[in-house]
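*Asks:* Residues per chain, in single letters:
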Amino acid sequence: MHRFANPTAFMRIANAIFPWAAGLATVLFVIGLPVALVTSPPDYQQGDSVRLFYVHVPSAWISMLVYGSLALSSAAFLIWRHPMASVSARAIAPVGAIFTALALVTGALWGRPMWGAYWVWDARLTSELLLLFIYLGYIAIADAFEDPERGDKAAAVLGVVGSVNLPIIHFSVEWWNTLHQPSIIKMDGFTVDGSILLPLFLMLGAFTCYAVAIWILRLRSELLAVKLRNARMSEVNLASAAAE
Amino acid sequence: MTRKRRRMYFLLLGLAGVGAGVALALSAFQDSIVFFRSPTEVVEGKVATGQRLQIGGLVEAGSVVKDGQNVSFAVTDMAHTVKVKYTGLLPDLFREGQGVVAEGKMEHGVFMASTILAKHDENYMPKEVADALKKSGHWQEGGVPAPPGQEGGVQAPPHQDGGVQAPPGQEGAGQSAPGK
Amino acid sequence: MDSLTTFFEMGGYAAFVWSGYGLTAVAMIGLLVGSLRTLRAREKEFAAVRRNRPTGDAQ
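Heads up: the sequence lines are chains A, B and C, in that order.
Here my numbering runs 90 ahead of the position in the first sequence, where the first position is 1.
Here my numbering runs 79 ahead of the position in the second sequence, where the first position is 1.
Here my numbering runs 32 ahead of the position in the third sequence, where the first position is 1.
Rather than coming from a laboratory, the hints here were simulated on the basis of the structure.
Just so you know, even glycine gets a beta-carbon here, dropped at the ideal spot from N, CA and C.
Fair warning: there could be bad hints in the mix.
Said to hold, decoys possible - Some chain B residues judged to face chain A by a derived CB distance under 8 Å, without partners named:
#1 R86
#2 A104
#3 D200
#4 E201
#5 Y203
As the list claims (entries may be wrong) - Using C-beta positions, here's what the derived DEER-type ranges look like:
#6 B/Q130 - A/G279: 56 to 66 Å
#7 C/A73 - A/W170: 24 to 34 Å
#8 B/K145 - C/R69: 53 to 63 Å
As the list claims (entries may be wrong) - Within a straight-line C-alpha distance of at most 25 Å, the following computed DSS-like cross-link-like pairs (lysine-lysine) qualify:
#9 B/K125 - B/K162
#10 B/K125 - B/K145
#11 B/K206 - A/K276
#12 A/K276 - B/K213
#13 B/K145 - B/K184
#14 B/K145 - A/K243
#15 B/K162 - B/K184
#16 B/K184 - B/K164
#17 B/K206 - B/K125
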């Protein structure tokens, strides 16, 4: 854990992962999209609208995966003051916000023909909307202070507190009755036929690799921003900042 | 070292506090978080009449009567049934034996709905698979062959109102997919 | 040609399916392009700062 506090060591690993994540994302999209859109069968109830499943579920998955990483980074920052933790959280927050918005929008586009409504205020949809606001709040707070370190600290508190919403999103369909359908994951497997599960897993893999690749790109940007700030603040720091 | 440990405990304690607070608030507002009420709750008078509400359950097989845009059907949770009247377009997934949520008011024992929403379950499969399951006798209403013990009846809901899947065998959920 | 039409029709759900995939593509490509642009701009800026103030061995 503490090994990753060092930006150089952190980026060495991240940079080694990057080509694999980017390459795998490309391969999975190239295979997954034709399967999702062409070769997979329509659902017996939902017809071809089931194809929205293959972008809706991965978006929702990334929205929660990213928040998990954001919350852990925030906690690491608050406890150990690891500078890399806040850099990582700042890099990933917009990615999470975009995928949360995508999950909501693709869900609406799927809900209209199937349920008969773009939007309902049930527990699942409402808690996912709250997730979007938490992301937006995080981004706003992180940049709200003159001193970026104070922004890091305040945003990290929100990041940790917001993690309470994650189990609410996941279990909302079990705890309360909702219009949203329950989870497809059951104790003894999935409630989805293999021909529909395959494109889902391909797209889940593609989205995850894509998110990892984007995160690493944004990590580089955020680190450069820190280095630029340091370089401007004092020339003395420049030497260590420039050491790659 | 101790300072970091203290910060960690403080953080965990804070998170536990926030979590407990949220859990309390959620259970206090339980009634307004549920998206719909069951026919049982309505029949047993747990819901004030004349008040706008959503009721959810399964569309009782054989209960749907269509007259142009006027539709009437019964919503059931296998224990009780409420008659629903509605005028307008129905969502594509509205089927007998499938989940439904109606928004409206109770008037003289009939639920006058202004909106009808279809509730989907978590089962996805191509039509061929659904047909094959039905042919081989492994079909459970609501989709996939239910694991033993869970079969038969509205899936045990967390709070007596609730889930709307897998009612015991009537036929009907297998109608062909829209646009297929 | 006929199967192509069927494909685009998406069993009557064309408007929903295609706008869902379209918006997802726009968002994901946009995020990639935006992230790359920011990175390039900062790399340039950083290179400029370095050039203007050649790094000594301070610290």
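*Asks:* None of the hints should be skipped; say for each whether it holds.
*Replies:* Tested hints:
{"no.": "1", "hint": "R86", "result": "holds (5 Å)"}
{"no.": "2", "hint": "A104", "result": "violated (11 Å)"}
{"no.": "3", "hint": "D200", "result": "holds (6 Å)"}
{"no.": "4", "hint": "E201", "result": "holds (5 Å)"}
{"no.": "5", "hint": "Y203", "result": "holds (4 Å)"}
{"no.": "6", "hint": "B/Q130 - A/G279: 56 to 66 Å", "result": "violated (42 Å)"}
{"no.": "7", "hint": "C/A73 - A/W170: 24 to 34 Å", "result": "holds (31 Å)"}
{"no.": "8", "hint": "B/K145 - C/R69: 53 to 63 Å", "result": "holds (56 Å)"}
{"no.": "9", "hint": "B/K125 - B/K162", "result": "holds (17 Å)"}
{"no.": "10", "hint": "B/K125 - B/K145", "result": "violated (30 Å)"}
{"no.": "11", "hint": "B/K206 - A/K276", "result": "holds (22 Å)"}
{"no.": "12", "hint": "A/K276 - B/K213", "result": "holds (22 Å)"}
{"no.": "13", "hint": "B/K145 - B/K184", "result": "holds (20 Å)"}
{"no.": "14", "hint": "B/K145 - A/K243", "result": "violated (61 Å)"}
{"no.": "15", "hint": "B/K162 - B/K184", "result": "holds (12 Å)"}
{"no.": "16", "hint": "B/K184 - B/K164", "result": "holds (10 Å)"}
{"no.": "17", "hint": "B/K206 - B/K125", "result": "violated (40 Å)"}
Checked against the numbered hints listed earlier, the structure breaks hints 2, 6, 10, 14, 17; every other hint is satisfied.
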